[in-house]
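Novice: Please construct the entire structure, taking both the sequences and the accompanying hints into account.
Protein chains in written order, with this note's numbering: chain H, 1 to 874; chain R, 1 to 99.
Just so you know, these hints were derived from the structure itself, not from any lab.
In this text, a Cβ means the ideal position worked out from N, Cα and C, and glycines have one as well.
The hints are all genuine.
Straight-line distance between alpha carbons at most 35 Å, and here's what the computed DSBU-like set of lysine-lysine pairs gives:
#1 H:467 with R:36
#2 H:576 with R:36
#3 H:749 with H:293
#4 H:407 with H:749
#5 H:327 with H:381
#6 H:739 with H:699
#7 H:739 with H:576
#8 H:663 with R:36
#9 H:576 with H:619
#10 H:402 with H:381
#11 R:36 with H:446
#12 H:402 with H:327
Derived DEER-like restraints, expressed as beta-carbon distance ranges:
#13 R:68 with H:406: 35 to 41 Å
#14 R:82 with H:636: 50 to 56 Å
#15 H:434 with R:15: 26 to 32 Å
#16 H:636 with R:85: 50 to 56 Å
#17 H:362 with R:84: 20 to 26 Å
#18 R:27 with H:362: 35 to 41 Å
#19 H:362 with R:4: 44 to 50 Å
#20 R:87 with H:722: 30 to 36 Å
#21 R:84 with H:692: 40 to 46 Å
Covered stretches of chain R (in silico footprint by chain H; criterion: 3 or more residues with CB under 8 Å from a CB of chain H, positions within the stretch not fixed):
#22 17 to 23
#23 26 to 35
#24 72 to 78
#25 85 to 91
As a plain string of letters, each chain reads:
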Amino acid sequence: MTSLVLSLDAVGAGDAGLVGGKGANLGELLRNGFPVPPGFVVCAAAYARFLEILDLGAELRQLDSAPPGEIVQRCALIRERLENGDLPGELAELILAAHGRLIENRGRPIVCAVRSSATAEDLGAASFAGQHGTYYYVDAAQLLKKVRQCWGSLWSPEAVSYRATHGIDHASVAMAVVVQEMIASEVSGVSFTANPVSGSRDEVIIESSWGMGAAIVDGRVTPDSYVLERTDLRVRTQRVADKRLMVSARLEAGQSARLEEVPNAMRRRESLTPDLLRTVAQWSLKCELHFGKPQDVEWAICEERFYLLQSRPITVMGREDIGRDIKGKYVLFKPLVENFTDPFTPLAGNLLMLIPSLLFRSIHGWIYVDVEAVRRPLPFKVSVEALADHLYSISKDAPAWKVSISKLPALLVLGFMFFLVNAVLLLRTRNLPDGALDSYRTLCEKVGADPSIGPADAMVRLLLLPKLRDPVANMPLLLNLSAVRYMSRMRVLRRLVRGWAPDVRADAEAILGSGSEGVLSAEMGRGIWALAIEANRNARVRDILLAQPPERALAELRPTTDAQDFLHRLDGFLAKNGHRAIKEWELRSPRWEENPAMVLGMVRNYLLIEAAPSIHEQKAADARAALIDDLRARLQPLPLERAFGLRLRLILFAAERVRYFQKMRENSRFYYIMGLGVVRKKVLRIEGELLRQGKLKCKDDIFFLRVNELAGLQAGRLGWPDVEDRIRERRIEHIRLCKMGPPKAIGIKLPEKYAPATQLEGATLLQGQPASPGAYEGRARVILDPSIDVELTPGEVLVAPYTDPAWTPLFLTAGAAVVEVGSYLSHAGTVAREFGMPCVVDVAEATQKIRTGDRIAVDGNLGSVRILPRLADA
Amino acid sequence: MTLLFQVAAFALGTYLSIRMIVALHGIADFWFMIDKAWPRVSAGVLVWGAAIGIIAWLMDRPYQTAFAWGLLIYLVFYLSLLPLARLYIAGRRTDRDID
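Specialist: Structure (structure tokens):
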């Protein structure tokens, strides 16, 4: 061996400059007895030698001074030369000889993993996660090419931009390449010896799934997730995911698609036994002990043996670091937060940003309000911080803003222009009948069936710009915007009620504003209830639904003769509501019509409850009637009220207006989500074609492309090698951002909204915002994804990260609801008020602080949640 | 004073133009139930059409002209909104390199 190629066990922690961060780490672990798969490293010196031969030195030195617009172009040229140049004979021989030694006398064919190991990589300050190439299933024939591709990945646009952002000199970075035996893992995963999001040091987090770990790292599968106590490795919480896909460890000859379906029997099975879980945790902690810092460990299990694939320091990027490179001042818009808890995938974000949004901006896939743009026309003397505080509704008793006379003329002009542009819309939508958008479904079918209309055109056609013959086209979105008037109507209602009956119950306006007829999301809930009634009529259908997980239940119901009536009804339900989904703004979210199992899960929930959901509605209707009687009695003593009842009529009229606009808001959403469903179908059709042509390898990857890249693939200007790395990097980034959640503000320092959790008489007190009145005490059920955790025992308290209409049926079973995001006007609050159940929203980290099974007391009047001591602890 | 009345006539023309456009939109908005809604829809068109005609007929010449300009300018402005929106969206597609 020379210093160009070294055996992995010959390097150690101090050799990062020679073999890169990853190589040095792995070598260090291997020589200290950790179970790292054997391998060798093509040293950074080999890369430097190759650069010399290609005469690229001068080119690299000039990069830092190149104009920003040229850098990407220059990097592409460097990359192309690195990937296509011939390795010098001596170096190629050294690599192949080391490979020969690695695979000889093994008694079975060995394939390798070829992994980049940049000299600035994994060094704590910057993780470079996913920036550089990694290749699996590599045999001798592909080895040299893959080594060159690893070197080339140092010059991908993403890696270059990452270095530029982190102030790393391009010319100073070199690339070693680690070649290791590829472990044909049955189970694999990642573990963190500290919580990478909260920074908590008293827990170990393990995520695992079937097959190779790439699927977890890339976010292609939702893994099983375990949180262990660090001290005794007791399982604190665990969540077994529905693992639909896995990356196969063995690639058959001629097979290129690595992602395969997990057999049904394994999907909901725990991927780690308690013993293996302990083994993984122990090795992870040993890594931490060895390196002296919390570690992020990648591992694999093969034939019951544990293998350590990588260990690196956890690079915790706090929420506050997101958007640090963004100029301007932005804040999350509270009423929208619940719709966008996860960032948009690049494709969805790209398409949705076609919607004109002068005041909004997408940052890393999240929607923010541009505070400066809002402040500019406002006729108030208000600081950016105070305005952001107001938009995020933090300080309740903020001082009133002073009027700025100098801004008034500009505001008047702006208001007049707004009136001219929107007057027709506002007048048109004052009294639209319920079926005004019915023809939108026909338009969706027409646009969906036309193969000449692509996703971007469909987006424009169905949501933004109508054709003369289809004037309904942009109505759902316009109605949604104009329905914002319910806020002002609510204010009018509040003034009337509080002016004439100040002592009436505190939630009077909420009760008066609820109970609309014809709200499509509520009808959807009733439709599911009707399905449950149908299922209840037939013992066989009921038994299958109760005994089997939803996917299996559906497969079993299909051939069952007794189930045909039920299935017929289910098809009818899906024909009307099949475009709905969880996180339905996101194009990547599968719609119910694609996976009806989600609906079956909700039907199953209804089968578990004794009382009909209409009881909730009746309860709310009774409360409304009692309130109106109460109001009448309170108003009677006022002058002339007994004779004409004008005040009560005015209050009821204002309440009717609130209900009308609230219904308009909910129903218009039903339709524009239908439009987004059509756009998704278009994307899936293109995905099918690209998969057939081999331009994409895995389902779902398409959502990590941008629209112009999609067009490039379709037109043949781009191929799989051009997009592979981009997709992987974006997936990793996406999953990282999903875990972290959005910072509430960018470029602005905002105060914390609530005091941190406090202890009160042995209970932990969490503070949030009241969204529906009442008090309730019960067992908590933490549900992160209603498509997986569909079971909610009647009377349990639903604890959720967010809610949207897909969650509605769970509210019927729940005794109360606690939601991490949202406001009084959010979906959770609206539905909870309709059903007369207590609800507290905006409870930070509720799904982490509350565990399934905890006894909690929800106070919807005060907006507080108490986690009560367990009986044994009390 | 004349100028003030002319401005008022112009504003009235603008307002009635808005109401007339809304009434005409009613045809499309209620088309799915036009067999039941036609009295309401036609009443809207007739009432606002008649209001425009009668007011214009009652006005003296200089105010009549201002009133007509108000009607016409808002109509042109309203009709231009869609092409302008089309241009704006096309611009956004180019900005984002969306084919």
